[in-house]
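Residue strings, one per chain:
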Amino acid sequence: MKKFALLCLFLFLAVILAASAAFAADTPSTLDKILAAKKIVIGTAPGYLPFEMKDKKGNFIGYDIDLGNAVAKALKVDVEFKQFEFSGLIPALQTGEIDILIAGMTIRGDRALAVSFPNPYYSTGQVLMVPAKDTETKIWSDLDKKGNKIAVSQGTTGALLAKQIYKEATVLDFPTFPEASAALVQGEADGIVYDEPGIRMYEIMHKEGVRGIYDLISSENLGMAVRLNDFAFIQWLNSFLFHYLGSPQELESQEKWFNSTEWMQEMAQ
Amino acid sequence: MYTANWSVIPQNLPLFLEGVRLTLTISALSLVLSLPIGIFAGLCRVSRNRVIAFLSACYVEFFRGVPLLVLLIWIFFVLGRFLRLGSYWSAIVGLAIFSGAFVAEVVRAGIQAVPKGQMEAARASGMTYIQAMKLVILPQAIRKVLPPLASQFIILIKDSSLVSVISVVDLTLIGKNLVATTFRSLEVWSFIALLYFVMTFGLSKIIALLERKFRAEWQ
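Just so you know, the sequences run in chain order W and D. Per the working numbering, the very first residue in the first sequence carries number 142; after that it's consecutive. Per the working numbering, the very first residue in the second sequence carries number 728; after that it's consecutive.
Do not rely on the hints blindly, as some may be mistaken.
Said to hold, decoys possible - Distance ranges between label pairs, derived from CB positions: (1) W/Asn200 with D/Phe789: 42 to 52 Å; (2) W/Met408 with D/Pro763: 24 to 34 Å; (3) W/Met408 with D/Gly792: 23 to 33 Å; (4) W/Gly199 with D/Val793: 36 to 46 Å; (5) D/Phe767 with W/Ala273: 42 to 52 Å.
What the hints contain is simulated information worked out from the structure, not anything from laboratory work. All C-beta atoms, glycine included, are put in the ideal place defined by N, C-alpha and C.
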């Protein structure tokens, strides 16, 4: 009798294991999961102006946040934003911590091996920023000299680009753009390579300290990212973007974040 | 589901080793610097001169209470403006000052653990305060402080992972950069944890050896 009970337990465990293995092999689309939970969890990395930042009350605001809210509205679900370091976003998506990431992320081949991108929602590029007292530098290559230091934000496209193009100058990794720009202002670095919108915002806020050089070093497209090969979700997001981009709602969002500076009053400074 | 792919480790082994080398040199240099700072501050804390003891207490309380991350940013961005330390030496100085505060407390505890009668007896037999400290109190205190000192130095190695905030390419920053390019966070961080463990375990073995040596000399 005891043996029989033991055998039953064994069979039971085997069935559960087999079932969970089959379940893992055929993971349902995140889209279904979101609809079932009636909630979408969006990962982002505040500090990337004007795409995502936090206001005085600690709420997420910015162009990407409007986009995320529009996604949730179209899905008719609640929305939760979760804050990560930029370099921690893709791992968070891979482990299922978040359903989607919206963080001004550049669409790149190496990233697309780890996560999948729907169509881009914004076009921009990398530019150089120098201290205001440097009136000579006209193009990024002017700074490519021994002893020069280029500050970057660790893990960003600007960081990878700078390490590629600067052969003589040293590239310094800082955790975020604010630290990299502090290094520039304090004279610890001679230039920063970073996304154009971010540099434009920074220059508006620190006119006396820095100067942006807006000839694009590279151009690129920003995309949301979802779990690798989640085709149902990608398909839905593409349809959503076709409708959203250029809609009155989106134009208003662009106007608010890129063409005016009123929102800066809302921001924690 | 997250499926692990460990090939990222052997492919980037030279990078990891470079990170270990830098983490070890930074930790070792700041350890060597924090010892005299800590011993000096610890001796000052038990000084009979009230002003000296107070100043030393200020140093300990302040640097023990300030987060290391903030300290590193201060030294690099603010102090660096006048001293031009650069990120490498800012990191070492920051770690040494920070760790020195903890070493000072360990040293104080060690000295105070030696019974008062020892000092009184040494002074009564004609030694000066300095002589008594050097020949009677400190040799006894050293044996008592070795175990807590070992813990402090192990913490120092792990604390050094914060120096990436001022762009020192230590083992942690190499890990962050690898995660940013390969997206294999679980694999990279697990391996880095192993490397830190090897370093701290090695150090703890070395100190255990020292402990045995001091005990043998005493007997």
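- Query: Which of the numbered hints are not met once you compare them with the structure shown?
  - Reply: 1, 2 and 4
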